[in-house]
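S.K.: Position one of the sequence shown corresponds to residue 1298 (the working numbering), numbered consecutively onward.
Bear in mind the hints are in silico, worked out from the structure with no lab data behind them. Please note that a few of the clues may not be correct.
Simulated restraints on C-beta separations [to be verified]:
| hint | residue 1 | residue 2 | range |
| --- | --- | --- | --- |
| 1 | Val1412 | Arg1323 | 39 to 47 angstroms |
| 2 | Leu1553 | Val1443 | 20 to 28 angstroms |
| 3 | Arg1493 | Ser1355 | 34 to 42 angstroms |
Bear in mind that the values here come from a model prediction, so they are computed numbers and not experimental data. Glycine included, every Cβ here is placed at the ideal spot set by N, Cα and C.
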Amino acid sequence: MSAGFALLASLLWGVADYGGGAITRRLPALTVVVLSQTAAAAVLAVAVTAVGGRPGASPALWYAVLAGVIGPFALLAFYRALALGPMGVVSPLATVGVLVPIGVGLFLGERPGAVQGLGIAVAVAGVALAGGPQRGGPAVGRRVLVLTLGAAFAFGAVLALVAHAGAGGALLLVLCVQRLTNAVVGAGMLAVRARRQPLELRAGLRELPALTAVGVADVAANGLYAAASRPGSVAVAAVLASLYPVVTALMARGLLKERLLRVQVLGAGLAVAGTLILAAG
């Protein structure tokens, strides 16, 4: 059951990434972030109210608030990268954000073993190869790489903050606070942008069902991963849930007809492999 939950989480994360990236090719990335995260926050607010999550509140929720502040910027960079570059490269590269929780562990006194060292080396090699020679393949420019890696490390920071906030339980409430903060910060960014150029609300409303699906899929994946981690092995759940870039890459290949160079496929594969090694170590 634990393995099944983790695999389903990876499937939903992969679908959400593909959906968010595909919609960003039609709508501004900021609009996609705000509407999808607002939908996710609404679903979580209903869930927390239904189960009575309020008593679980604690000062640790401020870490969830900080994660919510970082989240919109991470999603904005990630969706822009997915829209500008090949999803089959961008999505796997984003998994290197797992280096952030490892860095936090080092700061707190932990020391990586040989397996984790190998994982770091493999992930770095994958980043270099996936963004390497472009002749004959889809372009992965410097801007796409910067956006992807920036989003990856921001996602890693969010994971570390949410894990710290939820260490004492009340994970559903932690996720709800994070997503509500996402929505508020994103709305503020949208208001600032509206002063410079008019918003295309009609286009956003037409895409609202798809955007809601993206946000809900992301929330469901988080819940499934939490469920998989509790009764079973956390390491195994992390490994299985980290397979989501494969889903995004396969969807991009099948639906968008993306074609990658062999060196890019190798690089993307090594990025995922490095992440799996890190999670297993």
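S.K.: A separate judgement is required for each hint: does it hold in the structure or not?
M.R.: Hints versus structure:
1. Val1412 to Arg1323: 39 to 47 angstroms: holds, 42 angstroms
2. Leu1553 to Val1443: 20 to 28 angstroms: Given range 20 to 28 angstroms: holds, Cβ gap about 22 angstroms.
3. Arg1493 to Ser1355: 34 to 42 angstroms: Holds - the Cβ-Cβ distance for Arg1493 and Ser1355, about 40 angstroms, lies within 34 to 42 angstroms.
Comparing the model with each numbered hint stated earlier shows that all of them hold.
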